[in-house]
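*Asks:* If you want the building blocks of each chain, they are given just below.
2 protein chains.
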Amino acid sequence: MQETIWPPEIHTIVQSREFLKLRDTMRNWSPSGIADLMGQLPAEERVIVFRLLPRKLAAEVFEYLPIEDQEQLLKTMAKEEVAVILNNMAPDDRTALLDELPARATQQMLALLSPAERTIAVSLLGYPDGSIGRLMTPDYVRVRPEWTVEQVTEHIRRHGRDSETLSLLYVIDDEGVLIDDIRIRKVLLAPPLTRIAELLDHRFVALKATDDQETAIGVFRNEDRYALPVTDSAGVLIGIVTIDDVLDVAEEEATEDIHKIGGTEALDEPYMDTPLHRMVKKRATWLSVLFLGEMLTATAMGYFEEEIRRAVVLALFVPLIISSGGNSGSQASTLVIRALALGEITLADWWRVARREFFSGLALGTILGLIGFLRIAVWSSFSDVYGAHWFPVGLTVGLALLGVVLWGALAGCTLPFVMSKLGFDPAASSAPFVATLVDVSGLVMYFTIAAVLLSGTLL
Amino acid sequence: MQETIWPPEIHTIVQSREFLKLRDTMRNWSPSGIADLMGQLPAEERVIVFRLLPRKLAAEVFEYLPIEDQEQLLKTMAKEEVAVILNNMAPDDRTALLDELPARATQQMLALLSPAERTIAVSLLGYPDGSIGRLMTPDYVRVRPEWTVEQVTEHIRRHGRDSETLSLLYVIDDEGVLIDDIRIRKVLLAPPLTRIAELLDHRFVALKATDDQETAIGVFRNEDRYALPVTDSAGVLIGIVTIDDVLDVAEEEATEDIHKIGGTEALDEPYMDTPLHRMVKKRATWLSVLFLGEMLTATAMGYFEEEIRRAVVLALFVPLIISSGGNSGSQASTLVIRALALGEITLADWWRVARREFFSGLALGTILGLIGFLRIAVWSSFSDVYGAHWFPVGLTVGLALLGVVLWGALAGCTLPFVMSKLGFDPAASSAPFVATLVDVSGLVMYFTIAAVLLSGTLL
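Protein chains in written order, with the numbering used here: chain E, 1 to 459; chain W, 1 to 459.
Be a bit skeptical, because a hint or two may be false.
A pair counts as met if it fits within one copy or between any two copies, since identical chains are not told apart.
[Unchecked claim] 30 Å max Cα-Cα, derived DSSO-like pairs, lysine-lysine:
1) K281 - K21
2) K75 - K56
3) K75 - K421
4) K421 - K186
5) K75 - K208
6) K282 - K421
7) K56 - K186
8) K421 - K208
9) K56 - K21
10) K282 - K21
11) K56 - K421
Treat the hints as calculated values from the structure; they're not laboratory data.
Turn these sequences into a full structure, and let the hints steer you where they fit.
*Replies:* Right, here's the structure in full:
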């Protein structure tokens, strides 16, 4: 178990320049542990600590650092040091770093790579942002079907040192087309002279380099593999994707969706690390758009000003009614957004979803409508707050609630489908967005019902 | 690449009783592909297809089926068949199935297991729901530090057949205490007579069996491992957890949080598979609670009935103002809920978060307040809709917006901390919950500002 030394102590060691002691202390730590510690140190001490690490450990620690810290460290290093670090990084982590740097810096970094590593880096950078190609690593073991188990073992001993995963081998033909993947255990357990071709079952699942990273999450959930091969359109093996990168993607996608559902642009950075002005900008956009939409409520209510003047009691229930519609819509849209993201439903399922939401909305609307009516009935038997005409008022509120909750469920479940059809992220049909939509129409519904039911009495 | 035959064709084959053809067709499919197909068939055909599979393939396919389908298939099988399937399942998948069955059925199933498998199953079922213990599999390779590379290779050849992952070996001492984990590649690449002890670096990260599954997500994100060892409180190795199970946990946790943020209880099942009555029940609870809270808005507005009667124009802006507060609160609470879930912030950070939200809320409130004031000013220069006193009305609306948006941000960021402190899931401080809270206080704020600014003119 790794020994824990808390930052203040490290701080003291750094301050008192006991560098040898520090180096000894860190030698037995895991790279992720050292990266963790560096994250808690001020920038200058971070550089000192990093400089003390043996070269190989430094390269490992570097991969665990957040991209901003990587950038900052690169600036303090000599060219030769940068070259060592970059050439030793896992290609997928390096792609993520190069992608973040300004174009000029990326070019400089690429120039520092060995010809082989440069070819790898450039090809990975060629895939679109968010595509599976960007997650690929070209470090894996390729074998030929005609090789024997003995030859494969020897091949691994010579070439397997850098490969990200050795639990799977990939079998290719003369053209580089992927024929099968095979677990290394199957090879280890077979007699040495068995040919690989005899061990194959020709059952494998491959990802496409240009596909969206989100699709990889679903495939990994279905398949019991730690790594999946990636092919181009001709079926040629061009890399592998490992499940740890997909776990990161899954967490990021969920974070993005959650931010959008909350009615803000996705932050793309940890909450605390997002500069205040950038966070305000990301939130202000949506907040202003929603505000402009919500202005229609003032316009809508303006049309019914005369009704409100004559029956002020109607105004009292406005917040209750529109918020109920918004809440019902928020439930429906959130459930549908997540079901779409998980692939539980597809665009073709709209009709089935709408039918479910119709019955749910009807049931929920009836429940709230009844509670609303009863509240007015009970209150009126004790006090005079709702006047002599409490019965038609109660009926108006009850029916409006039924209508608005049902409408909220239908609008809420439909909006994610519409967004998706229009090419937007369904998660953008956030709770606040649906609420705004339902608010305006809910008001019109409420006052229209009131005009019918109260005409002759209050209106 | 696997051949695709669409269900209608399979349906025809099943209907025409061409069982041999079907068996031949499926022989080359992956277990997950067959499970996928079975999911699209009606229940009776699903049973027929499953019966046609060779015994070993059937056991593999079984693990990929959803638990409800597993239950249903078990009912159609003879005891001996059930025993074969259960004894061949991966212990973690089996735990998930046994856990879903009624207690009586679980007992019957346990009786069908071999003594060794029964011991494993009972011990896994002993860990609390949602703990890492439930994800464990006891199939992994344990080695001793004094063994040579040659001995380890021989040991794997003999005992490694069932182990979930062979990319890592676990080194234990006489008492079973975990000393280190070691990548198999390191062993394969070493000379045959090297002792394992020479290859160890004594750097490893282990999970605790009783810890929450959520903690495993964070650890796997930090460590570059496909599997992590699980120890008891004495450090004794009792199992391993593989990253594919953690990917499932991460997706489920995100789904739960998203559902709660949308203002509903987590469904715990795919949207389409949730029976309608259960979905209505899960949504009705929160919707009714929010409705009862929102009723306070009617009470609050009742206090200002006289003001509304005198200045109906005030009522027109009620939806605009309360929804802006709700949207701002929804943004803040969602960002904080996700940051807490990812471990980016902890309970101790409330003060830092609140300070950020204070400045964000101030900026956002100023923006919306200005837009609101300008809209009233511009409208008033063209029409007479806001009357002669448009200036104090505009000022009231603008200031109320500033106050309500700021208050929304502060309340929204605080509520998740409060929920967490009280022992609830922070995600329960949903967008609708925060909105309800802010609605009531926002109304009081708005009418109080109006009473001050409009006294002597409109009021």
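*Asks:* Work down the list of hints and note, for each, if the structure agrees.
*Replies:* Okay, the hints, checked on the actual structure:
| no. | hint | result |
| --- | --- | --- |
| 1 | K281 - K21 | neither (46 Å within a copy, 62 Å between copies) |
| 2 | K75 - K56 | within (19 Å within a copy, 57 Å between copies) |
| 3 | K75 - K421 | neither (45 Å within a copy, 42 Å between copies) |
| 4 | K421 - K186 | neither (46 Å within a copy, 50 Å between copies) |
| 5 | K75 - K208 | neither (36 Å within a copy, 40 Å between copies) |
| 6 | K282 - K421 | both (24 Å within a copy, 29 Å between copies) |
| 7 | K56 - K186 | between (32 Å within a copy, 16 Å between copies) |
| 8 | K421 - K208 | within (23 Å within a copy, 45 Å between copies) |
| 9 | K56 - K21 | within (19 Å within a copy, 57 Å between copies) |
| 10 | K282 - K21 | neither (46 Å within a copy, 58 Å between copies) |
| 11 | K56 - K421 | neither (50 Å within a copy, 43 Å between copies) |
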